Amino acid sequence: MIKFNKLVIAAVIATFASAVVYAQTAPIQFRLEQNYITGLTSPVLLTHAGDGTRRKFIVEKGGVIKVVQ
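Residue numbers 6 to 74, in the numbering used here, belong to the letters of the sequence shown in order.
Keep in mind the hints are simulated off the structure, nothing from the lab.
Quick caveat: nothing in here was measured; it's all calculated off a predicted structure.
Don't take every hint at face value.
Here are the simulated distance ranges between beta carbons [stated by the list, open to error]:
hint, residue 1, residue 2, range
1, GLU65, GLU38, 17 to 27 Å
2, THR58, PHE35, 32 to 42 Å
3, ILE70, GLU38, 13 to 23 Å
4, ILE70, TYR41, 14 to 24 Å
5, GLN34, GLY68, 32 to 42 Å
6, GLY67, PRO32, 39 to 49 Å
Ideal Cβ placement from N, Cα and C applies to all residues, glycine included.
Could you build all of it, start to finish, from the sequences and the hints given here?
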């Protein structure tokens, strides 16, 4: 049982260490857009279409879904 615990701890440390190295070497790319969406009453979720069209979907409380181009 003790060997298993040491093995689990070693695996967790190795996973964390590789994630830290990846986080330090991976470039962060983002673009700031200043487009504002008006007319929302109670937005609860913002997501994108994921198909390259750059459409965004906004879900509002009550089940209303708005599509933004």
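Now for the hints, and whether the structure bears them out:
The hint said 17 to 27 Å for the Cβ distance between GLU65 and GLU38, and at roughly 21 Å that hint holds. One distance hint, 32 to 42 Å for the beta-carbon pair THR58 and PHE35, is violated here, with the actual separation near 19 Å. For ILE70 paired with GLU38, a C-beta distance near 21 Å keeps the hint of 13 to 23 Å intact. Our hint of 14 to 24 Å for ILE70 and TYR41 holds, since their Cβ atoms are close to 19 Å apart.
The hint said 32 to 42 Å for the Cβ distance between GLN34 and GLY68, and at roughly 34 Å that hint holds. Between GLY67 and PRO32 the beta carbons are some 40 Å apart, a value that agrees with the proposed interval 39 to 49 Å.
Checked against the numbered hints listed earlier, the structure breaks hint 2 alone; every other hint is satisfied.
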